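Chains as they are written, first to last, in numbering that gives the first Met the number 0: chain A, 0 to 139; chain B, 0 to 139; chain C, 0 to 139.
FYI, nobody ran anything at the bench for these hints, they're computed from the structure.
Take these hints with a grain of salt, some might be off.
[Stated by the list, open to error] On the chain A side, residues computed to face chain C include the following (Cβ under 10 Å): (1) T7; (2) E8; (3) F12; (4) L21; (5) Q25; (6) N55; (7) L61; (8) E70; (9) L98; (10) A102; (11) P105; (12) K110; (13) F113.
[Said to hold, decoys possible] Reference excerpt, derived from the structure (chain B facing chain A, CB under 8 Å, subset only): (14) M40; (15) N55; (16) I65; (17) W68; (18) E70; (19) M77; (20) T84; (21) G85; (22) E86; (23) G109; (24) W116; (25) E139.
Since the structure is predicted, the reported quantities are computational estimates derived from the model, not experimental observations.
Where a beta carbon is used, it is the ideal one built from N, C-alpha and C, also for glycine.
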Amino acid sequence: MMSMRTTTEYLWFNTKSHREYLNITQQVSDIVAKSGIKEGMVLVSAMHITAAVYVNDAEEGLIQDIDEWLERLAPYNMHYRHHRTGETNGDAHLKSLLLHHEAIVPITNGKLDFGPWQQIYYAEFDGQRKKRVIVKVIGE
Amino acid sequence: MMSMRTTTEYLWFNTKSHREYLNITQQVSDIVAKSGIKEGMVLVSAMHITAAVYVNDAEEGLIQDIDEWLERLAPYNMHYRHHRTGETNGDAHLKSLLLHHEAIVPITNGKLDFGPWQQIYYAEFDGQRKKRVIVKVIGE
Amino acid sequence: MMSMRTTTEYLWFNTKSHREYLNITQQVSDIVAKSGIKEGMVLVSAMHITAAVYVNDAEEGLIQDIDEWLERLAPYNMHYRHHRTGETNGDAHLKSLLLHHEAIVPITNGKLDFGPWQQIYYAEFDGQRKKRVIVKVIGE
């Protein structure tokens, strides 16, 4: 039995496009390795309400499918009530809710305990500005 | 290195409306402060299958957008098979699945480690009765 | 104060149907009991990108409602771009994202701290092959 430990790091993004999907698996994996934590979990959570973190496949066609699907279910639309505040990103809030803003990944033997195709993505729905993701490792 | 600690509290709700969105950030924040836990995570999870917990903006127009959007994607409908049991809340189950029933929030330096606009909401989809949310803090 | 402990187990599935919804509450509950962990959380996470883990009701009509609803929001469709890779399971990826691939359940007094109707489901969207779920208990 060892004592509990935690490590916290922040990833910064500033995407070129309004919407963008970034594979951050290696960055999260590096933080876990550096933490020295062998057994536990890593929380990967967007610190903004117009972005998401999800786990799925690193396949370019699928990423385009996901983007079209999100646009179908939570379309860009000038008539959201939220836009009375001067914002135009109502759809980005709904897309963030649909994909969820966070994922928690198990760590076993010091590594992300993933199946063969699982990858961690940062999904930006209102980019071209500085955004942050927190990566917090908890374990022993 | 300190030992691991946990704190568990329950929040009770009994909303006046059938659907309601309650900002519970302060309540969760107070539980974290009281726990004395400086580094870790707090799980905020609805204990019912017709409610959700989500993280997004405290903006009234957006909350109405979210409500309309949920009603569009998971409409109130008398023809759900679930209603053969005598229930009428099939839509509330689907809305709960869509927003997810739980969120897990990082704690750093004894505080919710949130971005500037993140707030924790309890979303009630079948209210006017007593409902509960568990808040469990884990860390050191 | 006790030291932190973790337990990790894997559940294997090979469903007869292409889509299937399996109640795994008892299996997760048994793993928690065996772990001896009294206070903490259990992460239940699909290790595949075409399956989900969710918490909701064990009611047969509702499960059919969920299946129809997922098919409406993320339909089986031969025209997904992902299918250029030779796959035919684009819809299964989207259904997995919609329900989320993981759930985290609080543990209090050695038991899943659930409300009266909460059950853990493994949702298979591309079955008839071997698939895995990781169950990781963390606590004291």
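Status of each hint after checking the structure:
no.: 1; hint: T7; verdict: 17 Å, violated
no.: 2; hint: E8; verdict: 20 Å, violated
no.: 3; hint: F12; verdict: 20 Å, violated
no.: 4; hint: L21; verdict: 16 Å, violated
no.: 5; hint: Q25; verdict: 18 Å, violated
no.: 6; hint: N55; verdict: 5 Å, holds
no.: 7; hint: L61; verdict: 4 Å, holds
no.: 8; hint: E70; verdict: 13 Å, violated
no.: 9; hint: L98; verdict: 6 Å, holds
no.: 10; hint: A102; verdict: 7 Å, holds
no.: 11; hint: P105; verdict: 4 Å, holds
no.: 12; hint: K110; verdict: 12 Å, violated
no.: 13; hint: F113; verdict: 7 Å, holds
no.: 14; hint: M40; verdict: 6 Å, holds
no.: 15; hint: N55; verdict: 5 Å, holds
no.: 16; hint: I65; verdict: 7 Å, holds
no.: 17; hint: W68; verdict: 5 Å, holds
no.: 18; hint: E70; verdict: 13 Å, violated
no.: 19; hint: M77; verdict: 23 Å, violated
no.: 20; hint: T84; verdict: 28 Å, violated
no.: 21; hint: G85; verdict: 31 Å, violated
no.: 22; hint: E86; verdict: 25 Å, violated
no.: 23; hint: G109; verdict: 13 Å, violated
no.: 24; hint: W116; verdict: 5 Å, holds
no.: 25; hint: E139; verdict: 5 Å, holds
When each numbered hint is compared with the structure, violations occur for hints 1, 2, 3, 4, 5, 8, 12, 18, 19, 20, 21, 22, 23.
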